[in-house]
Each structure stands twice: as structure tokens, then as C-alpha cells.
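Residue numbers (full-length UniProt numbering), protein chains in the order written: chain A, 1 to 677; chain B, 1 to 677; chain C, 1 to 677.
It should be emphasised that the hints constitute simulated quantities derived from the structure, not laboratory data. Zero decoy hints are in this set.
Calculated pairs, BS3-like style, for lysine-lysine (alpha carbon to alpha carbon, straight line, at most 25 Å):
1) K267(C) with K234(C)
2) K650(B) with K612(B)
3) K105(A) with K105(B)
4) K105(C) with K105(A)
5) K5(C) with K131(C)
6) K105(B) with K105(C)
7) K429(C) with K612(C)
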Amino acid sequence: MINNKLPKIWYGGDYNPEQWDAETWQEDNRMFKLAGIDVATLNVFSWAMIQPDEETYDFSFLDATMDRLYQDGVYVCLATATGAHPAWMANRHPDVLRVDVQGRKRTFGGRHNSCPNSPTYRKYSARLAGKLAERYKDHPSLLIWHISNEYGGYCYCEHCAAEFRVWLQERYGSLEKLNKAWNTRFWGHTFYSWEEIVPPNELSEEWGGGRTNFQGISLDYRRFMSHSLLECYKLEYEEIKKHTPNIPVTTNLMGTYQELDYFEWAKYLDVVSWDNYPSLDTPISLTAMTHDLMRGVKNGQPFMLMEQTPSQQNWQPYNSLKRPGVMRLWSYQAVARGADTVMFFQLRRSIGACEKYHGAVIEHVGHEHTRVFRECAELGAELSLLSDSILDARIKAKVGIIFDWENRWATELSSGPTIALNYVDEVHKYYDALFELNVESDMIGVEEDLSNYDIVIAPVLYMVKPGFAKKVEAFVAAGGTFVTTFFSGIVNESDLVTLGGYPGELRSLLGIWAEEIDALFPNQKNEIVLKQSWGALDGTYECSLMCDLIHSEGAEVLAEYGSDFYQGRPVITVNQFGAGRAYYIASSPDASFLQGFLSNLCDEKGIKPLAKAPSGVEVTRRVKDGLAYLFLLNHNAETAVVEIGDEQKKDMLTGEMVTGSVSLAGRGVMILEGNEA
Amino acid sequence: MINNKLPKIWYGGDYNPEQWDAETWQEDNRMFKLAGIDVATLNVFSWAMIQPDEETYDFSFLDATMDRLYQDGVYVCLATATGAHPAWMANRHPDVLRVDVQGRKRTFGGRHNSCPNSPTYRKYSARLAGKLAERYKDHPSLLIWHISNEYGGYCYCEHCAAEFRVWLQERYGSLEKLNKAWNTRFWGHTFYSWEEIVPPNELSEEWGGGRTNFQGISLDYRRFMSHSLLECYKLEYEEIKKHTPNIPVTTNLMGTYQELDYFEWAKYLDVVSWDNYPSLDTPISLTAMTHDLMRGVKNGQPFMLMEQTPSQQNWQPYNSLKRPGVMRLWSYQAVARGADTVMFFQLRRSIGACEKYHGAVIEHVGHEHTRVFRECAELGAELSLLSDSILDARIKAKVGIIFDWENRWATELSSGPTIALNYVDEVHKYYDALFELNVESDMIGVEEDLSNYDIVIAPVLYMVKPGFAKKVEAFVAAGGTFVTTFFSGIVNESDLVTLGGYPGELRSLLGIWAEEIDALFPNQKNEIVLKQSWGALDGTYECSLMCDLIHSEGAEVLAEYGSDFYQGRPVITVNQFGAGRAYYIASSPDASFLQGFLSNLCDEKGIKPLAKAPSGVEVTRRVKDGLAYLFLLNHNAETAVVEIGDEQKKDMLTGEMVTGSVSLAGRGVMILEGNEA
Amino acid sequence: MINNKLPKIWYGGDYNPEQWDAETWQEDNRMFKLAGIDVATLNVFSWAMIQPDEETYDFSFLDATMDRLYQDGVYVCLATATGAHPAWMANRHPDVLRVDVQGRKRTFGGRHNSCPNSPTYRKYSARLAGKLAERYKDHPSLLIWHISNEYGGYCYCEHCAAEFRVWLQERYGSLEKLNKAWNTRFWGHTFYSWEEIVPPNELSEEWGGGRTNFQGISLDYRRFMSHSLLECYKLEYEEIKKHTPNIPVTTNLMGTYQELDYFEWAKYLDVVSWDNYPSLDTPISLTAMTHDLMRGVKNGQPFMLMEQTPSQQNWQPYNSLKRPGVMRLWSYQAVARGADTVMFFQLRRSIGACEKYHGAVIEHVGHEHTRVFRECAELGAELSLLSDSILDARIKAKVGIIFDWENRWATELSSGPTIALNYVDEVHKYYDALFELNVESDMIGVEEDLSNYDIVIAPVLYMVKPGFAKKVEAFVAAGGTFVTTFFSGIVNESDLVTLGGYPGELRSLLGIWAEEIDALFPNQKNEIVLKQSWGALDGTYECSLMCDLIHSEGAEVLAEYGSDFYQGRPVITVNQFGAGRAYYIASSPDASFLQGFLSNLCDEKGIKPLAKAPSGVEVTRRVKDGLAYLFLLNHNAETAVVEIGDEQKKDMLTGEMVTGSVSLAGRGVMILEGNEA
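Kindly generate the complete structure, drawing on both the sequences and the hints.
This is the structure we're talking about:
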């Protein structure tokens, strides 16, 4: 349990009383009660208010707010306020200001605006965190710490350049090793002195939002920036832990956010929290995958849904309203996938600046007689009903899907074979097929213990880190099923090609050699032609994007290309390796192929769907203490019927017992309690 | 009359003899005579020629030119030459150079290139204007002053930053008030010292050509920049008026140009002038609306058409020739809507730099035997014929359409609900419907006396300035008809939301509450379903862009949404308020709805079309001294028949008397003189 | 012969052993032998390796490499390594770093990164070239010098600004002349001191990647930059020639690369070399045209194909594999058009940085059992077979097509009439028509002797340089046929319009006057209506882009416009001038018109196609010593039959004698030796 002071699914969100007056605070408390809100995230952007200059701190407003909330039964998720530095600090200590990827020194503005290697920022952010922890360590409302906010963005200033050189010295030890790792003999880039190394931005090696001349330095700079921002987090974390060793600490992550390696970050979070902002046209399964990833970065531990909008966003091009029922449905989707909190940005809508058209529990009209408030209050009541039953329950998946930020950076920095390769999309294709099959999967990192899984899928495993190939071999040898794809096994952790034939370190495991890699134009297709009917698969499917031209070196060829000069050459292979099997998918298949393919693999491993449900109905399961909570989520606007099997189960929202077939209204939700076994 | 030295529609344009030799000047004068040209705009870009260094001024060339023109009957619109600073000034006084929105200090180049808060620019521009006024105050050719040229562009330099802080101190008095107006508690932006405030550009709060984190500062910077440029104008104006208090002064505006609040500017212009550059695919009614706006910024006073091209432009992507007759037709369109001059850029085509492929009365071939020259000469002869008959005649419209630059800035700076909202387009939709109905309208500012109108339309009245809601209430209570739309009544002049329910200050007048605002994707539509047939309206129409979800609070519901979860909720309402009616249009309707809707409103108010004319025929009317001049403009390539009623009217271009039906050739024009009553 | 040490078509390419170890070098030599490789380009990016600081040079690696290669029969194309400066140089001498078009000082990174006017760069690059020449002047492997690499890119730093002013002083002599040439009276840009002139970039006159306010300065800056980079080349050239006066020197050009005037450059190259990188969708005839241009910049002298990829590129968006046979086919296309070498980038694929997914003879797998290697080895064997037979053979064309970089810059810098005008595309339309007709043409500069040709075509001859109009008149008067198009004869070399009527200096030759120029929207078309059937032409064809509205002043009108207000006015004219004829094409015709038109002109001049071949089969001919080598290149995937006439010819790749009809397999090649006459 995140904090047993509040043993239920926390319900609340970001709250900024400093933007309002006393009359409004009273009204807030009245409405929080109506809505069943029991947690408020405070102090996210209050640095300038709390600290008006270098030496002055004024916590009186925060003191009063925490007391007032607590008196009305609202607990606090307390932010450290370091997500945006004060204007005075930017004015007096310009080292806090970033230099952007274009090489421009910024002036004061925005948020998430501090240079992570700024001495001023590091000094004052850690000091503020310490002061807050010291002051509120015994406050009864304090549930959890929320360090900074949505860390992100890179800096390219001189402080960063200097620290980058230090980081490189630690990583490589010598310039000789660095020159080798970056292959600096290419284009005559040999460095003879650390001072010659400058950050890779649009003034040096990069252009076009992430294209680069030198993958080595660009990849390392991403590692370094993720590390630098994490260092800022850790400095605050340490200050906090000095005073409140037992209060959990988090910072709100952003799902598949590109710039930070969240597997690395999660090691230093007591609990993962994240902000979920799908658009109207985001695939449901992509949101699901992102929840699973946020659960996966900390080995399956339940997480916090820190932010979502009750109604609409403001920063999308077209900010649709969430249709009636959708807020509730998507809230349960989070819970179904591991969230133990349901929290909003924001509890009350601001009246000025760029987020005033972002939805809130309390709208500008200010009263409770709105669709949005009613939906929030209904959900609040339901969550109270659920009490602590689901808290800490786990998802137990037998399929693991590898996701790796460094691999993603490397694939996306690659010059060639195609700009159309998008790592998240390729991973999502495999995830989506399992989602449609109602088969549970975990999103896992490369450090995960694979033996927990029957099947491990690693789409576009371009970068193979030290030891990982051996680990996969052991997994397969012991009976596991491994799946990987085109453009895998190509480079090591420095983005240097593994010589001797693709897929490099994975070659013997897969029993193939990829001689060439063709990149297809956006409208070009090829075909996957099954050599013979195989389970759910038969005949011909489409593939696109890239086509590896492979040779079998022992692998069985399951399907061949249907056209072009490599017609008849293998496109799908499987290799028996020890007690297990390793599949290679040499191109990017269409959805129907992948569903059939993964259905076959699940059949081979005896992995069953959680339920038989029509398309658009999401099914997940959390288990705890021998009980299983089956979530049925109908994303369709129409009623759907789901077959849940013969065991009697309890509908936790109505208390009724159900069995066999259940009927879900459009956008309806059921949570059915039964036995795990 | 602008200046009664030349009591006719002035005909001429920009003339740059400094680019030519003496032989050419003689030829110019000969051809001006052939073309009926009687006014030349001189000295627009001559600063570098007139003032070769800080202390030297040489007016000899200008002296000679003005004398020579006058001898041949050509009057002068005399520019102050401050639209582009000399290269020596940029080199020796870099403070004249702007810093752009990306934070880059510019070097010498272009035009409209001076920092408006540069001490050097202010000193030398005002001094030059004064010297010109002193020298030419008694020159018989001098008709009008033309200060600078097409003011525009913003600067973000340190001088501007410093002056911005001064301007803010004057506007807000205290940082406390500024912090409140900008809602700086949001994202911890509280300012403790004026020095902490920096201009909002791509280094601080803005990105993407007008997106911003902080609407308050961005809105104020637009006000400040419009003000700063106007200050430059006013400094020159004052210098000029010291010497020539009775010679009118103008600067050429640019229609719906985004960056300057022309209602504010027009207060300091003796007469409005503007440059009309439609493209081949600009809707005719948008050009018409822009003329009306240029008339409207100075309360209906006739204006100058300062620039148009005789044939083609150079800066469009594809610079089509004006088809035969189109230059004449569009010239009369300007006159029909209030212009008392017809002037070109340019009288003779330059041979070098970026405007050499911009059309001119005298083309590169240099003689009069061109299509373009012939059309110019024919028009010159016609304008002479018209003499002073139309000068000073007014348009008398009973419909006013509100246009407000600050509201426009605020809507376009808004983060959410949709990037697709374009203020000018929404205004134009209403204007266009009246245009198609041949009903006259005025484009008016929020300071206008509304009692002059029967109907006032305020599309997307997002920002309601102090006192304006009361003014509209008084107008409606007294019997007026008011129309406004979705996303109205939302904020005050600081872009802070009016709490208590949209549309804020307009809520009781309109008798509705807008609970939510949905933003539609580009291809999404909804429908307006009439509850019962109403005049020209019946059945179902399309709407798009944004949909307010409104409740009637007393208003009659005329139509409902046809689909989505808000199907059946009101989309068109009317509220009886005192003796008048207030309409609310909760989405952006298609053209057929708006024509029917405004036709109904005109019928209610007894407002009649000027004539019965087929589509593509524009009809306007100017009145003076009891006489009315009816303009019929056939924008079609084919002949059109227009019914003008039974009164006999005189065709002013042929002298013939006409009545009943008249036939206009393709691209033909008629000006029919009759009685006003 | 480029160098008679190796009297055959050189076969090899870029080789970077400094990226590899000794074991790999041995393997390289083994595989070079297998592939028939006899030339390696060394040292292209080795500056940092060879010179680790200001005073130290270390040639030991290069010594060893050259010796080792020579021992195994591989000759060396020796690069001077100045295409990328060392990091230490950028760090210690920042003047080597460029300022980009946005005004940003760059930091270390990329390649082709040195300011061409940097004193440091000029000093050290020339010194390095001299040292290399001194050291290797007698090395038996040395075939040719390769200075720097793919010169390109502009700089806008203070050093460039200062040198630009010097260059301008030399060009113009006085500011008065410069002001006149740039027409600085426009927009008040008069310069009173040389120091006032700043480079034209995005901080001054330019924007949008090549749009400008002032054509004069922008055009001169392009001249100056092309000159500055050429000066760098020449400094190295002179140092080299001191030591090796008899070894040829080149630098690798890039076909139609926009930024450098290759006609000017070619004067200082002993032999032209270039890098050919067509994409999958590049028209075959555009590649052919580019080869011809590379032959043409040095008056028809055979050139080197310095680089092409054996399989795929890395920097295209979608890097398709070259289909089987295509590498061979395109290699012969180069030879067919004048190449005496076939060379690759690269011999072995690098393992790190941005070109690791660029194809190579030796792929990452490292052995010879790949499709790519096999195709390379087969071609190597064929080229050995051909021995020296084709070397130095010339193309003898009777049609010359004018290509002029300064004219291209001027047309593309033009503001108006249309942004859609692309000089290379317009030239290519005419080239392509002849290509389809199997008629040989030369791409020639304006300095070429026109009397070598029967027909000279000058598409969009916008800029007419001093003396060129007289030269064309003399050519036509003597019986030649001249063709030019819309937007020709407009300006002089300073981009100042020639007054008195378009097409200016060409007007009497063409017997027409172009009164106006219409620019069409992208989807707009007009028609070319033949007044009567003419040879291969009859009826109606499409035209687009721009339409000159011309009057005949003596020319015969062959076709008229089919629509718009200029329907019935001339679009195709021919003027008898002395013994010859001058054609004017007033718009941009479709391909079918141009094929018919040029077919007619060839018929008039008795120019015959080389063979009768179906579409997709390219036919060229090189002649030497009374023998002719007819190349047949089948770009189709299917077999094609070509009629080659009755003379018996020898198939040089098979030794067989053929006559009449020959059959070429898909992507097949024949080189048929016969008599020239």
C-alpha cells in the first residue's frame, strides 16, 4: 500500500489554492466532499511564492492550506515546487536558464525550465525540498512526496558541457576508449583533449529534431541528460529522506516520453506515478500499453495515476470533450492495469494563462451542477465502495514485451535505412495483437528476470546490451519462446555494429542470417505467404516498412516473401534452441497476421485469454491473496456481451453475483471478484 | 474632402524617380498625362539618399522632383522616408536594429526594420519629418503627408524590454496588480521586481508563431508593440503639424494586418489610407469586408486606396495577372466602399531588387502601348469624368459587425479549445452572408455608438472589455438586435475568465448558460436542426469547429444539435431583452444557414437589400447631399442583369438614364445616381 | 588518359583502413583482388589522425597503407583530408568554424565544416596538401590527387564579411557602381561605406531557404562563396603542383549541386570527378543529364565516377536496395556518358556513426558471399575485359543545352512571378525529350563555342551575360537553330532588367515581344494549339507554370494559346534570322509536345537517333580513333529489342558479332564496337 493512512484508491488531484481567495477555499472543501475527493496535490508551482529571494522562505500559506484540507478529510500529495524556478532566480542567477537544442540561451519563462547542471538550481532545489520535509514531516495530512513535475527537456549550456565531459570520463576512462566507442576516425573526429568535446546540438552534430551525424555522442548525450535530470531528482530525494524516511516519494512520469530512461528512473522512485493524456484518436490499446509500461518500469508494482483530465485538455490541436462515461471508463482502465489512485489535473480550473481551458473537477462556473462534476462525484462514490479490496493487487502475465529507451534512442537516431521506423509503434503492434486476444502481457526492461515469462517479445531489438543475448539464449534453452523482428541484433550499447552478419549476437539463437535490409517507400508493400496453414494463420498477409533479406541457418521457414526480387525468401522463421523456440519476423506485418501469430504462440504455451469478449471490450485481471479481480471495460458506445466462464463472480460495483455471460452497457465497466485459481 | 486642392478622386501612386535618370523623368511626365495621373507618392524609401550621415541633409533631388511634377499637374503625397533606416545608421547605431521573435539581433537589411524604441530611430525619424515639413510646407504640390510605410513587425531588444517595463508600470501601477492580471501564481511566475520581466518571445514564453504559455504577457506585448510603433508615428505627426497644421497626415495601413490595433491608430490619422493586395483566390467579399474595416476604423470616414497593383504582385507564391477589366472593377470596389482615391504601387516598375516583378502603370517596356497602361488610362479618364461628385459620400448601414484587434489577439493566443479558430474567418462568415444578401454593413469597433444600428453582430466576442456588456444590453433593451456566437463572453481585458458560467457578462442578455465547449476535428461536423420553419430557414444545416453545450435560461430555442451526445440540446437561441432580441449561435454554421438567418433578422428589422442581383454582382451605395450613388460591380466573367427598382437613375459613366433592369457586361461596373430617399 | 599507370577503367572507391585493424586490412586486400578492385581513395577524413596538433604530422599509417595496397596491385587516389577540420583546431582556433545562414556560430561537428575565409583553415589546409605532395610525390601507387571532399556550404562570419567587401571592391571598383548594380535606391539601401555591407542571411536580407529582398547582394554572395571555396581548392592545388606537376588533381563534384558554379570550378580541375547518388525514384534521364553536365563543365573531357553506392544509401528518407543488376547498369550508364572510372563509396562499411547503413563492396558480414559483393566482382571482371578500349573516347553531340549556375541562382532568387519555377527541372524537360528520342546532347556553359552544334537550347535563359546575345545571334545567323523559352532575356548579369521590352537582348533574334508574364497556379493549365500540322506535331498539347503573353514582331506563329484571356495569342514562334532559325516557347509544355518539337528540329538539321529502341532503353555512343562504342542500357525489368542498323558490330562483353536487331535482357547492357562513320 502506498501509504496506509488512506487505505483505498486515492481520489483527487492537483490543487492550486494560491490562485484563489478564502471564499473559494471554503467552496472547494464543500465540493471536494461532494465529490468524494480525499487527496490533493499541493505546491507544484509555488516556488516563487514560498521563496521570494535567496534567503527568505514563507510557508504560512502552505501551513494553512494543509491544515484546512486535513480538517476536512483531504490528504496531501506534497510537491517540492521545483518544476519551475522563480523569475528572480533567472534574473539574478542566469545559470539556471537553459540553452536549447538550437544553441539559444533562454530567458525567463515557461516551466521545466531549469538547467539540470546549474549550480544555482541544484543548490536551491535541494534546499527547498529539505526545508519542506523538515517542516511537514509530522503533518498528519502528508501522504506522499511529489518531487518537481514532469521532468523533461534537455540543456546544452556550458555547465552541461563541462559535466558531460566529467560524465564521459567516468564512463570511458580514457579518450582512446571514447574515440573507439564513437568511431571518431569516421569524418576525422578524433578527440585529443576532453575540452574538444561539445554538446551535440544544432550547432554541432544534430538537426531536424533528432537527426545526427554522430550516433555515439548523441546517444551518450541522451543518457547524460536523463542522468542529469535524475541527479536533480535524487538530490531532492536525499534531502527529503533525511527527514521522512518512511513517507514514499515519487515524481510524475509521462508514459512513453522520449527523453528519459524511465527504467533507470524507477529505481529511485518509491512508487511510480504518471500523467495520462490520451487524445480522442489515441488507440485504446496504446493507452493500455502505456499503463503497463508504467507498471513495468518498477517490476509490476502498482502505480499512481497522478494526472488525467476530467473532461478536456488544452494543448492538443483539437481538444474534444471526453464523452459521457469516458472519464470513468478510462479511470478504471488505469486501475485495471495497476493504478491504485485516480487523480486529476486539476481540481479547480484556473482563470488565466495557458491551462485555463484544461478541464477540472470544478469548472469555471464554480458549482456542482455540471456534467463533469456529476461524473466525478459518481466515480468518487464508487471508489469509496471499493475500499482497499484491489489495492496492491498484481497483474500476472506470462508474456513479456521488451521496451528499452536506449534502444529506442539508437533506432531513432539512426541514419538509414528509413525515417519511417518508429520504435514505440513497432512495439505497440505486438502489444495490440495480444490486447485484441485478451491475453495479458507485461512491458519489461532488459534487466528483467525472463524466467517469469513463457513468451518474451522484443520488437526491433536493434541494440543488444552486454549479456542480454546470453540471457535470452538461456531463457529459450530452458523452454521459453522468444520473438524478435527485422533490424534486431545490429549494434552494441555504443551503437557500433556487431560484425559477422546480422542479427549479430542473436544469430545462432535465431538460426538465420540477414544479408541485406530493404527499406520500403510509404506506399510500398510486400506479402507474407505462409508455406502451409499454421493454426490461426493461413494464406497471405501484408507487410511493409522494412524487409530483411534472410537466409535460414537451421531455422524452419514458416512463411516467405510474396513479391519483389526477394520473393520466395524467408520472412517468418522459427528456430528450435534447446527446449525452446526463437521466432524471427523479418518485416513489419499487418495486424491480422500478428493476432494469428501470437494466438498460435499462446496456444503452444497454453496461455488462455481472460475472457471471450467482442472487439472494443478490454479485459484485464488483478490478483491478490488468492482472489482475482476481472475488469471488463466496454470502450464501445453500444452494449456488449462477454463470456466470463462458469465460476460465480461478484460484481463489486453492484454486489450482484454473475456467471456465464454478462452484458455491459456502452462505456460500461464491471469488476468481478472471483478466485485466482 | 481630403484636400480640396484636388477636388476629384485622386489617381496615381508610388513613384520613385530616384531610381531613374532625367530622360526617364520626362517620359514619366508625358505618360502620367496620358494616363490621367494627378498624384504621386514620393520619398517613401529615400532616407539614405536625403540623409547621408548624422548631420547632412540634401533635399535637392526632392525639390526638383516636386517642382517638375507640379509643373505638369501632378500633386504630391509626400512620404517621410522613415520606413527603412539607412545602412550607415545601422552600422554606426546598432540600436536601430531589431531583435526578432527568435531572439536574434538583426543586421542591416530589408525594410520596416527599425526598433520602435530605439533612441536613434526616434530621434532621427522625427527630425527628418520635421525638416521635410518645414521645407515643403508651402509647396503648391503638397496634398498630404505619408508617414513611414506599412508600419509593422515587432522587436524584442533590450530597449523594448526596458520600455515595456515602463509601459507596464503605467498600465498596472504595481507589480501586485500585474501579477494578478497575468495570473502569475500559475506556474510560479510571480514577479518581485520589474527587472524580472522579459519580452515574451521564443526564448521565454512563446513558440510556433504565436503560441504562448502566458496569455497575459503576450497580449500586453502586442498592445505595447502596437503602441510603440504608434508612438513613432505620433512623434513624426507632431513634428509635421508644427509646420503644416492644415495638411492632412496619414500612414498606409494593411487591412486586417494582425499586429497593430488599427482602431487605436486611426485616432491619430487625419485620413485612413491602405494597401489592397488580394490574391486571385481571395474571396471578393473578404476584400469588401477589408475596405469596410478600413472605413470603419475611422467611423465611416472616406479613406484612401493608397496602393494596389495595376496588374500583378511579386510576393505571392503564384502571381497571376489581373484579368482584363479586373483592375478597373476592383478600383471601383474600393470607391464603392468609401475610397476617395485610386492609387497604385507603382507608377514605374523598378529594374532591380525584389519588387521588379510587381506590376506598374509603366512597365519595363517603357511605352504606353500595353494592355496594362491602356486599362490605367481608361480608368484615369473615367475618374476625371466623375469629378467631385462622389467625394465625401457616406455609406449608411443599419447592420454593424464588431471587429476588435485585442479580442483577436486573445482568441489566437488561446491554448485550447482548438487551433482551428481564426477570428477573421469567423467574422467574415457573417459579413459574407450579408454581402450575398446585398445588405450593407459597417465594420465597427467596440467604442462605436451602437445606436446607429438596428442589428449588431459580434462573432466570437471572446473578450468583453469593461462596460461593453452594459452597452450592448442598453442597445438591445432599446430595441436593437444583437447576435453573438460560441466562445463569447469568456474573458475580461486581461484574458482572465469571467467566473460564474459562460458567456459571463453576456449571460443574462442572452438568457443562456454554456456549460461546456467541444472542439471538433477538422473533418467533424454537427447539424443545426430547426425546431420549426423560420422565414428563410427550415430543416437541417451543417455546423463545425466548436460547439458550445448550452442551457436555455429563458431564451427561446430556435434550433438544436443534430448529433453526438449533445443531440437535442440548443444550438440557436433568441432572448427577448427589453424591446430587443439577443441571438446566440452556439457553433460555426455553414453559409446557407447564415444567409437565411441574417435574411430573417433583416426582415424583422425592415432592412432591404440594395438591389436584386445574381451571385457575383456586388452592390453598394454611397450617399451625399440627398443623392445616392448605387454601385453595381459584376465580378463574373459573364453578363448579369440587376433589378434596380423603378426610380430613374443616371449612369454616371455613360450619362444615360436607366430604370428597372440593367445589364452589366462581364466585369462591368455601373454607378447610378438617384435620390437618397 | 587520366593517368597511364593504370590504362583501364579504374575500379574501386573510398577506403578507410584507419577505422580498422591489421587483420581486417589483410582481408580487405584479399577481397579487393576477388572483386577486381585496382584503385582506392585514401585519406579523405584523416586530418585529425595525421595532424594531432599545430606542429605535429604523422604519416606513418598512410605510408604503410599505400605500400600495402601497392604491393597487392591497388593504386591510390590520394585525398588531402581537408574536408573536415580536427576537433583540436575548432577548439583552439574558432575562426575555422562557420556562421550559418541563420547567423549562428557553429561549434565542432559534422564535415565540410570550415569557414572558407578562415585564416587558420587556409593556412593549415594548404600546408597539409603541400606536405602530402612532398611526401608521396614519388610513390608508385599514386594515381591522382583528391582535394578535400564534396566542397559546399556557405559561411556568413566576420571573416567572410570582410573578404566579401574586398571581393566587391575588386568587382565593382566603387560604391557608386555597386549601388547601381544592386539598385540600392530601392528601399533606401544606398551604401556610403564598404563597412556598411553585411552578408545577406536570415539576419539581413534572406529568409525561407533562399528567398531574398535584394537579388543583387544575394547573387553576388553566391558568386563570392563559390569563389571562396574555390580559392581554398586552388591553394591546395598550387601546393600540390609544386611537387607533382604531372599528377592530375581533382575534387569530387556533386552534379547539379546548387551552391557552386562548377563551370568556373572545372577550369581548375585537371579532371572532373563526381558522386552519383540517384534515389529509387530519380528519373533515369535526370541521372543521364547530370553525367552529361559533369562531362560538359570541362568541355566534354571524360570524367571520373568518384562515388556511387554498391547497394543502398543511408541519408535518403527511404533507402531502397539497388535491385539486382542495377548497380552494373548504372555503372555502365556513367561510362556510356563519359566516365573513365567506376568507383564506390565505400569499399568496406564502417561500424559506427551516420554512414554505417550506407552500402559497401564489403558488407558488415565481412565475407564475399553476398549478392552485393558478387555483383561488384562480376563488374570488376567485365571492366578488366574492356581494358583501355573506351578510355578517352568522346561523345559527339550536335545538340547543346545551356546550363548556367548564375542564371539558376538568379531565377531561384527571383521574387515573382512564381515560386514553382525550378531551373533544373525546366532544363531537364528539354534534355528528357532528346533522351527519349535517343538523340545525343551536350550540357554546355555560356562560354562554350556554339559553332560545334547544329541546335542550341537555352531553357529559361533569364540572365543574359555580356556578349552572349551577340554570340547566339552569330550562331543563328550562320545557320544554327536556337531554342529558348518563357522568362528569357530578362536581366543582365547583375539581375537588372533589360529595359525596352522582354526578351531584352534576345528580342530581335526571336522576332517577338513578351508584353506580360502570367504565373499559373499549380493545378492550372493552358494549351498549345498548333496552327497547322507540323512534322511530329499536330493538334493540342498542355502547358503550365508560366505563360508569356507575346506579340510576333516578324516571327512565324506555329501555335497559339488555347484558353484564358490570351487564347489565340502566340505560344510557339520561330524567327528566320540570317541562315538560321530561333524558336520561342512561351510556356512550359508537356513531354509529348517537347518530343515532337525536338524531333522536328532534329529532322530539319538531319540529326538522327543513335538507334531505334523502346522506351526505357538508353542509347549513347562514345567514339575514338575512328571507332564508335554504342551503349545499349535496358532500364526495364523486361527484355527489350533494339534495332542497331545493318553494320556489323562487336559486343565487347561477349565478343560476339551482332547486326540488325539485338535483344537485351531486363537491366541488360551491351557495348557494341563499330566504325564511327
